[in-house]
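Trainee: Note that the protein sequences, when read in sequence, are chains Z and L.
Taking our numbering, the leading residue of the first sequence gets 1, the next gets one more, and so forth.
Taking our numbering, the leading residue of the second sequence gets 1001, the next gets one more, and so forth.
Hints in this document: simulated from the structure, not taken from any laboratory.
Nothing here was measured: the structure is a model prediction, and the numbers come from that model.
All residues carry an ideal CB built from backbone N, CA and C; glycine is no exception.
There's no promise every hint is true.
[To be verified] What follows is a list of derived Cβ distance ranges for each label pair:
(1) L/Gly1062 x Z/Leu21: 13 to 23 Å
(2) Z/Arg329 x L/Gly1062: 49 to 59 Å
(3) Z/Ala28 x L/Leu1137: 19 to 29 Å
(4) L/Val1121 x Z/Arg311: 52 to 62 Å
(5) Z/Asp149 x L/Leu1054: 31 to 41 Å
(6) L/Pro1115 x Z/Thr24: 29 to 39 Å
(7) L/Leu1081 x Z/Arg5: 36 to 46 Å
(8) L/Trp1022 x Z/Gln298: 49 to 59 Å
(9) L/Val1121 x Z/Arg74: 21 to 31 Å
(10) L/Leu1054 x Z/Pro167: 49 to 59 Å
(11) Z/Arg5 x L/Trp1022: 27 to 37 Å
[As the list claims (entries may be wrong)] In silico negatives: residues of chain Z with every beta carbon more than 10 Å from chain L:
(12) Ala75
(13) Val171
(14) Leu207
(15) Ser227
(16) Leu344
(17) Glu399
(18) Pro400
[To be verified] Which residues of chain Z face chain L? A partial, calculated answer using Cβ under 8 Å:
(19) Arg10
(20) Leu17
(21) Thr29
(22) Leu37
(23) Leu160
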Amino acid sequence: MHEPRWTGSRAARRAALLCLLLPTLGVATGRADVVLLAAPLVVGTALALAAQLLGAAPRSAAGSADSAAGVAVRAPAQVGQGEQVAVEIEATVPPGTQAAVLRLPSQGSLPFGTVGVVRGATGTRPVTRRLGVVLSLPLWGSVLVARPDLRLVGADALVLADPLTGPHRTVRVLPAADRGTPAPLRPRTTGVVGMHRTRRGGEGLDLLDVREFRPGDAMRRIDWRVSARRGSLHVRRNALDADADVAVLVDTRLDVGRQVAGWPRPPGPEGVGTSEPGASLDLSVRAAVTLTRSLLEQGDRVTVVDLSRPRQSVPPGTGRRQLRRVRARLVDSAVHWQARKVVLRPGSIQPGMVAVLVSPFLDDAVEDLALRLRRRGTEVVAVDTLPGPLDLDHPGSHEPVRDRTAARLVQRERAERLRRLRASGVVVGPSEAAALARVLREVARRRRQVGR
Amino acid sequence: MHLRPGSSWTAEEIHPRLVTGWLLRVVVGVLALAAVLVVVLVAGGSGLRLLGLLVLVGVVVGMLASPTSPLATVFVVLAALVVLDAPAFPWLALPVGALLHAVHVGVAWCAVVPPDAEVEVAALWPSVVRWLLTQALCLPVALVVLLVAGGSRAAPGWSGAAAVGAGAVLVASGVLLAWLARRGTDRTGDGP
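So here's chain L without its partners, still in its complex pose:
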């Protein structure tokens, strides 16, 4: 039985914006596949590239089908191994790390929320805000680390620009989402 049709939420006490567990899985899946593509296709590398692509896609499907399995750990470890094989990766390490962090949090929620569940969006706001705060904290640290420690290995061309651009997008979206979250708090009086 689902809440629809024949039954309905009474929306008095519930924030009207709802998502389903399926949508949550789709979002996590897209983030994980984006991480896979960045790691395997963009970062370069040798023979591990194709194998890594196939294995990681399989792992993504597996971890979404069974979020309580250790496949999410395998996913991140494999991604790290592919990173080790990629010569020009340093500037993309932080965006990929941000994606892996998002996948990690998303899989944690998927383990709690069944696919047919109805989720109040406001319940997920703290996780989104915390993720943005994390990236905002990591970005300056990463820049310093790369410039001082690992910057000499990075190709100074497009990958560096992409990393800086990604960081700017992250910060801008963080500000936007924090503002939206603030609005939600004001409206309900008890928001994220």
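Same shape as in the complex, but just chain Z:
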């Protein structure tokens, strides 16, 4: 809470000047009409200031507790990206105040929105005025939604209180998942019973084959009809249902947008998150969440690895809780300026796992990682998160031709890098949900071909 300190506004100075000047001018020239011209100004100013003084008298008698002003913000601690968040600003207005001017939160990352003016307190007790705003936050990360300013106005705006700065209020905005239907992946038998049919015998529901009875086979598996037809005991063998293990590797070393002149982008407003929807970090995190959600929904085990901060990685898991864990961890993703090379801890990618590499592929480090994984026999899917089409112009550049040429060189290198990845058997696709589904279907198809 804050004790308001009232000062005269420019209008008060204007009123004082005119209240002296015009009557003096009228008297000096002997013109009663000029005096009358000033009369409403003089009387009105006197009435306003008198009302302000009378309002201040009971306030000072009541003590500082009743004359303090304050501003507070209420908002949920955590919301999903794109969801609506209700922000309520609560202003405590002391008596003797004609109006309270509040700066409201804005849509997006900047807290400086429009201004709302609410009525003040005319009685002898302070009153609480509430302003509510419903925002839709397009960014994920730790987003500053409100830092309201409060200014008290009295006596026809002739007196103003010093502006009071409200508290910063940030909301954790969890990255949203795009709706997508990634295809079933090649299963791994080490997991708990999952949704994918394997080519190994087990306790699944699908029939794998029928073969002759061997010692140790369960009696309940005997297929009596086939046994009668062939004259010897035969058993039905079912396919083993299992999970697929997927490692989503997120490259957080860079955040680049469509405008090449702005590369690399600075960190988000609170040091985490992205400052621009549609930039590479935003696309990477959203693609990772989309993949994770779709894979978890079909019963797969997913681990998410931050390639510049491996300690931030999420260990393998299944179910909705794992999705919550992944979203909560990715919300703190940030551009990691110091990270030059990608870091993958030994044992992060187990044999048989599918590695999904999410990156804008702007340097060789991430290509080296993909090729290393391929050499180990890991199926690798590359999800390209460079936003496009790129704007190569550098407005205001002293050497536009040189800058444009440099940007084209980077583009060429990147295209060559992706070509080499495809040649080594890495499936490459963009980050849209539909494209992710196509890429994962392609992985599953290849594995089936290899299996035959």
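Following the hints, position chain L against chain Z.
Mentor: Frame of chain Z; chain L shown alone:
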């Protein structure tokens, strides 16, 4: 960003009647231009008339674009200078003074309220009521002053009738607005 669309006020604690800072500027601009027209076109005068008209219109636009500038002071001083040049002005001095007072208060609010702000009308009620009270106090005083001191210079015809009519309209509208303000107080329990 504006509150609309995509976001909305929750009207529980806010009086639902809102105006924007732009509307406030329009109202102040209309009042200022009315004062200019009365001063320059009706009050008569000589060579200052056309020059005053042009200058005052420019000053009105300037002070609304930048309410914290000293242009509002310039506006009133120029109006006073034009008044000095007008021979048959005394009966209109009070209505023009009332308009200038309204412009003065309006510009003071414009300096506090940005154009895209949303203003609860109830916050402005005390200023409106105070303005009406001011005119109600000034009217009898002005009549006495004009009759005793400056009345001999006034043309007794239409301008006097206009001044009396304007005063009557002011008093009637004051009563009406005070009644409306009282209604607003009763409804919200904490009005102007």
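Trainee: If a hint holds in the structure, say so; if it does not, say that too.
Mentor: So, going through the hints one by one against the coordinates:
Between L/Gly1062 and Z/Leu21 the beta carbon distance is about 20 Å. The supplied range of 13 to 23 Å therefore holds. The given range of 49 to 59 Å is respected by Z/Arg329 and L/Gly1062, whose C-beta atoms sit roughly 56 Å from each other. Against the hinted window of 19 to 29 Å, the Cβ-Cβ separation of Z/Ala28 and L/Leu1137 comes to about 25 Å, which satisfies the hint. About 56 Å separates the C-beta atoms of L/Val1121 and Z/Arg311, a value consistent with the hinted range of 52 to 62 Å.
For Z/Asp149 and L/Leu1054, the hinted distance range of 31 to 41 Å is satisfied, since their beta carbons lie about 39 Å from each other. Here the CB-CB span from L/Pro1115 to Z/Thr24 is close to 35 Å, well matched to the stated 29 to 39 Å. The hinted window of 36 to 46 Å between L/Leu1081 and Z/Arg5 holds, with their beta carbons roughly 38 Å apart. Separation of L/Trp1022 from Z/Gln298 is about 54 Å and conforms to the stated range, judged on CB atoms against 49 to 59 Å.
A hinted range of 21 to 31 Å holds for the C-beta pair L/Val1121 and Z/Arg74, which are about 26 Å apart. A beta carbon spacing of about 50 Å between L/Leu1054 and Z/Pro167 agrees with the range 49 to 59 Å that was offered as a hint. Separated by about 31 Å at the C-beta atoms, Z/Arg5 and L/Trp1022 satisfy the suggested range of 27 to 37 Å. With a cut of 10 Å on Cβ distances, Z/Ala75 stays outside the contact zone with chain L, its closest approach being about 13 Å.
Distance check on Z/Val171: its Cβ is at least 14 Å (rounded) from any Cβ of chain L, clearing the 10 Å threshold; non-interface status holds. Listed as outside the interface, Z/Leu207 is consistent with that label: its C-beta sits roughly 55 Å from the nearest C-beta of chain L, beyond the 10 Å cut-off. Z/Ser227, annotated as away from the interface, keeps every beta carbon of chain L farther than 10 Å; the closest lies near 70 Å. Every CB of chain L is more than 10 Å from the CB of Z/Leu344 (nearest about 41 Å), matching its label as outside the interface.
Under the 10 Å C-beta cut-off, the non-interface status given to Z/Glu399 relative to chain L holds; the minimum distance is some 37 Å. With 10 Å as the threshold on Cβ separation, the claim that Z/Pro400 sits away from chain L holds: the shortest Cβ distance comes to roughly 33 Å. A distance limit of 8 Å between C-beta atoms decides the matter here; for Z/Arg10 the minimum to chain L is near 5 Å, and the interface restraint holds. Of the supplied interface hints, the one on Z/Leu17 holds, with its beta-carbon coming within about 6 Å of a beta-carbon of chain L, less than 8 Å.
A distance limit of 8 Å between C-beta atoms decides the matter here; for Z/Thr29 the minimum to chain L is near 6 Å, and the interface restraint holds. Because the beta carbon of Z/Leu37 sits about 4 Å from the nearest beta carbon in chain L, less than 8 Å, this interface hint is met. Interface hint at Z/Leu160: satisfied, since its Cβ lies 7 Å from the closest Cβ of chain L, which is below the 8 Å cut-off.
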